[in-house]
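Engineer: We have chain A already, so just place chain B on it with the hints.
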Amino acid sequence: MSAIRMRRRRERPKRVTEVPAGGLVLASDWRRPSVKWGLGTTQALLLVVLVIIGLGPILWLIKAAITPTQDTLIQPMSVFPHGTDLSNISNAWTQVDIGLYLKNTIVLALGSWASQLIVSTTGAYALSVLRPKWGSLIMALLLTTLFVPPVVLLVPLYLEIVHPPIFGGTLENNYLAIWLPAGASAFNVVLMKRFFDNLPREIFEAARIDGCGPVRLFTSIVLPMSKPILGVVSLFAVLASWKDFLWPLLVLSNPGEQPISVRLPTIQSETDLGVFLAAMLIACIVPIVGFLIFQRTILRGTGLGGALKG
Amino acid sequence: MSKIDFMPSELDLSQQAAIATPSAPRGAPPRYRRKALTWLQSGGLSRLAFLIPLIAIFGAFSWYPIVKLVITSLQQTNFALPAKWVGLHNFSLVIHDPLFPIAVRNTAEFAGLALLFGYPIPLVVALLVSELRRRRGLYAALVYLPVVIPPVVAVLLWYTFYNAGPTGVFNTILHWLGIGPQPWIQSQSQAMPSLVLESTWANAGGTVIIYLAALTGVNTELYEAASVDGAGIWKKIWHVTLPQMRTVLLVTMILQIIGTAQVFLEPYLFTQGGPNNATITVLLLIYNYAFGNSLGPQYGEAAALSVMLVAFLALFSLIYLRATRSWSSE
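In order, the protein sequence lines correspond to chains A and B. Just so we're aligned: 283 in this note's numbering is position 283 of the first sequence, and the numbers increase by one with no gaps anywhere. Just so we're aligned: 397 in this note's numbering is position 87 of the second sequence, and the numbers increase by one with no gaps anywhere.
Only chain A is shown next, with the shape it has when bound in the complex:
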């Protein structure tokens, strides 16, 4: 028992940004001039390199999005040699209709988010708290799917979506073809189940004695106590849907329904470079702003994902 508890404690999310310095270099080491200057300079250099590599391409994209195309083509590294050109942005809305694709992307992301959240919370609740008899069998089947990379299922999934068995018809060009398969994320269920496993059982027992049924227990106790993990899963669900390319490319052949990531490669050759770069910038804004707002949760979730895989 205590061993299990120890392991759980180790696997708890660790804050990346808030812990004291790593401890490899001791405070006494930091007082030595050679360490202070050597390591300090290396870390300052690292900051410069990270700004160039991490931020540089995005800054360039912002600059190029408001630069006349000819300047970007001839002097790509000069900053506004002949002034700015804001018409790229407005052209992206009028010529490329980027607003429509942005809206499609948002609708797809919200649906995938809802589908992932419904499947993972209800499933994890059943497996962790209600514990039906064949729960372990379902868990084993779930874990098996973790070993099958999603991309290799593209062909059978595509055949299934185009000609659904039993129901007939087709789900091609239907957003359900994106939303429903998005819910089948075993990683989410495992993450959620681990969190539910660590909730105090005493509260569930007390609620049950007070006459709380399984549904009330779920909606009024388990879900409100799970806000941190719901936040992590939600952020990654939206981010993953925003990034998705190949699956929507296959099942949404109607351009008017495609998300921005599917549309961009198609319009690349027929669009003026400045307008195209402006469209790419617009496609980045939501994920970047979202990251800046929820930075701590996203970074913690990434570290948590690593711990889970480990």
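The hints are simulated quantities; they were obtained by calculation from the structure and are not laboratory data. Some hints could be false.
No farther apart than 20 Å at their CA atoms in a straight line, the calculated lysine to any residue pairs in the SDA-like style are these [as the list claims (entries may be wrong)]:
{"no.": "1", "chain 1": "B", "residue 1": "378", "chain 2": "A", "residue 2": "160"}
{"no.": "2", "chain 1": "B", "residue 1": "378", "chain 2": "A", "residue 2": "180"}
{"no.": "3", "chain 1": "A", "residue 1": "63", "chain 2": "B", "residue 2": "452"}
{"no.": "4", "chain 1": "B", "residue 1": "378", "chain 2": "A", "residue 2": "141"}
{"no.": "5", "chain 1": "A", "residue 1": "133", "chain 2": "A", "residue 2": "201"}
{"no.": "6", "chain 1": "B", "residue 1": "545", "chain 2": "A", "residue 2": "35"}
{"no.": "7", "chain 1": "A", "residue 1": "63", "chain 2": "B", "residue 2": "480"}
{"no.": "8", "chain 1": "A", "residue 1": "36", "chain 2": "B", "residue 2": "542"}
{"no.": "9", "chain 1": "B", "residue 1": "378", "chain 2": "A", "residue 2": "151"}
{"no.": "10", "chain 1": "A", "residue 1": "63", "chain 2": "B", "residue 2": "469"}
{"no.": "11", "chain 1": "A", "residue 1": "103", "chain 2": "A", "residue 2": "286"}
{"no.": "12", "chain 1": "A", "residue 1": "133", "chain 2": "B", "residue 2": "355"}
{"no.": "13", "chain 1": "B", "residue 1": "545", "chain 2": "A", "residue 2": "30"}
{"no.": "14", "chain 1": "B", "residue 1": "545", "chain 2": "A", "residue 2": "29"}
{"no.": "15", "chain 1": "A", "residue 1": "133", "chain 2": "B", "residue 2": "358"}
{"no.": "16", "chain 1": "A", "residue 1": "63", "chain 2": "B", "residue 2": "479"}
The structure displayed is predicted, hence computed values, not measured ones.
Structural biologist: Here is chain B on its own, set in the frame of chain A:
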């Protein structure tokens, strides 16, 4: 059983409740009914109801496609004609495809180069960042920023950077350094490293964050003990940090290999597998069989190659875990 069938069920239930002991079975149907009743009362129905979304979604979009993948790999399928069982014919077609060895070699090259670029650098960055005394959040954000850019945008942006003309972005930077323009993705020899460079830029941030999380778990008392014993920084990294992180290091390595073995987006958007098939990868070949074939879809071959990929990755992981078990055990 037959006798009890005729008894009124209510009576039987009450009788059973009064008389029955757990060790004395009294006949099946009432017992079942009673079991069903207790099952219902104990919330069996809602227990089932809560599992319905999971079973329905995973059944339809995960478990069924896995079975369907294996079936498709053994069939000749197109939408026009009914599917025909062809045994291992699809596998033999794939293996004898002249593109198959090229795709395997390119994928291995991509995975190898990605490991070379993308494995040691994040570790160095994570070590440096974890020793910062302030502004660690800023460093972490800068490191992770490329990961949140949608991959399509990242690739298409780098496509612009890789412009092979003398006024391309990278070629302009090289010009400042006194180096002549490079062909980048247009050259057979430079295409693959160019793809790996972009992919590393786009993905390394995640690895750094995982390492940072793992570094916070390193027992700092060991550092102090090592210092007392006179160990310098390098010795501490070698004898304390790396051994404590070995599980994470081993897992990120296998995950990276598995991930890069499925590389698709970069060759698809940058080069379409060219120039002269220099960047055609296994997944691009699968895609071309199923969706990019002008002669009609070859779902059977695509499924067969997918099965081969999964089997290879599973086998590889198994061997890897076996081989590294003695290291990673704590």
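Engineer: Run the structure past the numbered hints and jot down the numbers of the failing ones, going up.
Structural biologist: none
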